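Asker: Each chain, letter by letter, is given below.
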Amino acid sequence: MSEVFVIVEHRLGEIRDITLEMLWKAGELAQEHSYNVTAILLGHEVSSIAETISDRADKIIISDDEQLKNFNADIYKEIIAGLIEESKPGLILIGNTAWGMELAPCLAVRTGFPLATDCIDITFKDGKLTVQRQMFSGKIFSNVSFSSSAGCLLTIRSGVFPKDRIGDRQAQIVQREFSLKEIPQKKDFIEFVETAAGDVDIAQAELLVSVGRGIGEEENISLVRELAEALNGLLSCSRPIVDKNWLPKYLQVGSSGKSVNPKVYVAVGISGAFQHLQGITGAGTVIAINKDPKAPIFRAADYGIVGDLFKIIPVLKEKVLETRKG
Amino acid sequence: MDIVVCVKRVPLTEEVDLAVDEHKKGIKKDQLAFVLNDWDNYAIEEAILLKEKHGGTVTAITVGSEEDEEVLRRCLAMGADRAIRIEAGDVSRFDSFGISKILSRVVKDFPFDLVFTGVLADDDYCGMVGMMVAEELGINHANMVIAIEIENGKARTTSELEGGLGEVSSIALPALLAIQTGINEPRYVSILGIRKAAKKELKVMDLSELGISDEELSPRTIIEEVYLPPETEGAQILTGDPDKIASDFVEILTKKGVMG
Amino acid sequence: MYYKVQPALEHYLGIPGLFMTLSILIGGLGIFFYIMYRRYLLLRSAKPDPRFDSLWRRFSDLIIYGIFQKRQPRYLWIGILHIMIFWGFVVLALRTITLYGLGLKAEFFLPFLGGSLGEFYHLFKDIFEIIVLFACIAAILRRAIGRPARYEFKHGKAHKSHAYLVLGLISFLMVTDIALDGSGIILGEERAYWLPAAHTASYLFNGLAQDTLRTVYQWSYWLHILTIMFFLNYLPLAKHFHIITAIPNVFLRKLKKGSIKPPRWDVENIEELDSLGVDKIEDFTWKHILDFYTCTECGRCSDNCPANTVGRPLSPMELTIKIRDNAYQNHPILSLTRKSTPQDQKTSLIGPVLEPDEIWSCTTCGACEEECPVFIEYIDKMIDLRRHMVESAMIPKDFQDTLVRFEKTGNPFGKPPSKRADWVKELDEVSVKILEEGDKADVLYFVDSYASFDPQIQRIAAAIVRGLDKAGITFGILGPRESDSAHQVRRLGEEGLFQFLVEGNMEALKTCSFQQIVTTDPHAFNTLKNDYPGNLFVRHYTEFFLPLIESGRLKPVKPLDTGSIYTYHDPCYLGRHNSIYEAPRKILASIPGIQIVEMERARDRSFCCGGGDINLWYDIETEEMRMGEKRLAMAHEAGATVIVTACPFCLLNFDDAIKTSGLEGEMEVIDLMELFISTL
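Residue numbers (our numbering), protein chains in the order written: chain C, 1 to 326; chain X, 1 to 260; chain V, 1 to 680.
Straight line, CA to CA, 25 Å or less: simulated PhoX-like cross-link-like pairs of lysine-lysine:
1. C:139 / X:28
2. X:108 / C:186
3. V:419 / C:291
4. C:139 / V:415
5. C:311 / X:244
6. V:555 / V:586
7. C:128 / X:24
8. V:254 / V:47
9. C:294 / X:29
Rather than coming from a laboratory, the hints here were simulated on the basis of the structure.
As the structure is a prediction and not an experimental result, all values here were calculated from the model.
Modelling step: build the complete structure from the supplied sequences, incorporating the hints.
Answerer: The structure is reproduced here in structure tokens:
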């Protein structure tokens, strides 16, 4: 193990937070076990992105090509497989994101390396690499190790590691060119679209009252809406509510919805699946209301109320209205 | 338009408290009910919708034991034309690598325009099999698909990215698409419908027929241990009678400056 | 009787009267039988329905409801008017025959109406003619000026013009016969009695010339004859078909209340059927189609339908008439192709004729069936329509998850069956035995899903268990081996799932021995009693505990707090469907010092709380207010402060309604058993 690859994820000219989180963890591992962190940056006109991470890696391999303007799993796969062949890194980190989840499995088959996805922690002890991940919607944790020690691919969950700089580095920039003509272009990028556009922007709200599956039926959402209104906040929700078409997509909080950073986030009947939690990493104070004391949300919240939301919400609303009047 | 859909039977864990089994490598399953994986439900529905629109066939396949046939029956009842179960003994000894090798070896011999999988499975939450099968088959692919249109041998797909963004792409068929939840509203199948679907073709193949070496199937990821979530300090639970809880609630909000 | 003018012998434009009568009879009856045959064809192409059981009971019900019209006075004044008109028809039937006879043979009279009996009959029918005429005019005025709301259609067109036509025709018939008699008297016909109508008419005719009188006489006669034949042929074409079909319809009524018909009476294994439920009109049974023929658009069903009252899209009357209009369109009397519409062009009912929400709106409360004077059935039809919708996946997504949970875990919550008896652990004073294979007990307490898992309803189960314990009854529950009674599942239309759950429960029940089953809720009681095979002896807790209370084994002693005024709400499945009204009231009344008021709508006129069926899991968007809120308002109006229920779903609905109506603090809801136990 001498080198850790981190695949840089960026979109529309901006680096994505997951890259910084991965670089942090790679840096931490590198410090403990003294090896190098190499960032792989593929794209077009990405020098400013390289700047951002120049103090977080030992080496940045950049391929700046017009054909790399849009992410394409097939092209990335070939280039990275080639780089892996050359350098034989012990560990390759990719973000557990929509793009990462397309790239990583293909790369795993292509290189023959083992792959573990959605990792929330990495430990390297006595020459053995172990990762921690979740199963059954976060109800079970597991420790996973690998069959071969030649090299491992991992996808890392967003929001688990800090985004800080770790260690003191100055990256050596290596410009590379690849003949992309030989790589078959299997997918044509057409455009980006807004799937969650709407009248209201929950990302700007100061206070959100969010409703999840625990609400039971569509008609009960009004109960939560009333609390939101009493608090002069906005109503938002978790994914299952949108899947059922009870509320529009632009009110969805979570990795596939919106990331929000209100001062206070009240989660009503939300279990706390990680995709949802990823949307509230920026929230100030999280107050969770759920009848299941073991719900994962209570791990992520600052305050919790364990009980029947149908009994509690009206009482909270009354108290709020009372306080406002007085 | 011939579509193959890879499905999986998973435990229903929504209202259940899970317990770790004695080997500590899995969960206790004897009290659990099993259902079709939610993502696969959307995938099968999407395949059938496309078949209804463009004609063709839908085949459902799963790797598993006789108990797993119930999800295949459900797919047949929803409108799939035939189903295939690959008998492979104790499936838990395979990881995603093994499963995708098995699936791709079976699918390879079919004529197909599209292969669907769900993005994730509700139990292991790995999300690898879809893309791996695509890579094994050497076909085009897209992940997290929330919309599909077929025209002139090409699929125009919208993939769900983070933050409410979608990516629209054009892919030439044959292709593999990993389907995300919410793409459609899966239809209900009644018990009677499922019983009647018993008349449709359900073929069982044995792993040994596929000619895959043990080495190829050996797991590359090993579950060392599973355990219940550690008790972290987590949230400070508000206690007392409802009135007290409400007062505390308001106090917190006031301190955070949102009671205005 | 002596007739001055003999229509049979007269000649009209050279045609003998006898010939004219024969033409009218043969022609008119010929057309009539043809029309009836066409109507019969649709019945024949429908599904079988066994209705010829319990003949004795059917005959006696026919007398009570058909002849004595027991349901009519539920709407008092118009009910009385209708009874008058109906009896008028019965009495005048003999007159009609006599008149036709006179057109065939001079001096015709019916054998037994020869001498003085005939004269007496003549008086009788004369008086009735006044009554009928008066009733018809009153009815016309009521319709035209009063404009009762229940005749109006919310969507679609009512056929009110037909009502006026028929009332007009009947009045015309009365007038022509009176004119006939009146002119006859002046012409010299003698009568034994003074006939109020005929003699009054004769005073009006006094002074007219002989020839004019003869003309009046004959015009009255022929118009009357023709009108009757026209009337007869008109009946099968519109809403007055009930004049012919009502008596058979009442005779063939559904005797087993509360049960739901199997998908097909003639096919036991539903897997053999290509399709389940009703899609096209021919999928209904012939009796249901007879129901459609028999509807008179009186609107009593819709007037009492709770779904209709709260603004849901369902109006039972409109549903029936829409289906009937569609049926008449597809099976016309006259058609150029000489056949009914071919199979592939037959319209589905759901979509073109009915909206899905119309069918999902029904709570199966049975108020419509309770009101209908001609015993039209609705619930079985709704379920049949739903069966088709379930099989064709025309089902709201919200149900799907619930149904999958029923299938996988035997309860709608998705909770593991192993936890079904966990509520028992919370009880300190009483230990509840969970019956295993081979166990014996006097009573098997069928808890059902809500009482097992919902905290509010668990309290009712606790109260029942305390009651059983205190009364010294040996009892047990099935615990994890119990699945939901599947009452709701069947009424949702998922017949396959219903059978599956019933099989499971029957298996479990067979393994233990017990004298009787007692249930928490009326729904489980209803289905175990009426839907399950094996003739189970099952009672709802109210009927079970009453004898224990009356015999003194359970004695309420603690007084309740004064100031609360209690009212009892009749649950649909205890009350209307199973006719249990008094047992709960007696239990309530047994509590010392209790103050009880009765709501205006009580017993069989009780207003549904909103349902223990689909409405738990699916929301009809268009409703204006919840049924529970409406019923709560009725309790409030009656002066009650506590509404007492005997059904968990009523309890949940009212609890909700108290909150959403803002009546917290003013009104409370409590289960009867919980209340009763608190007084022991």
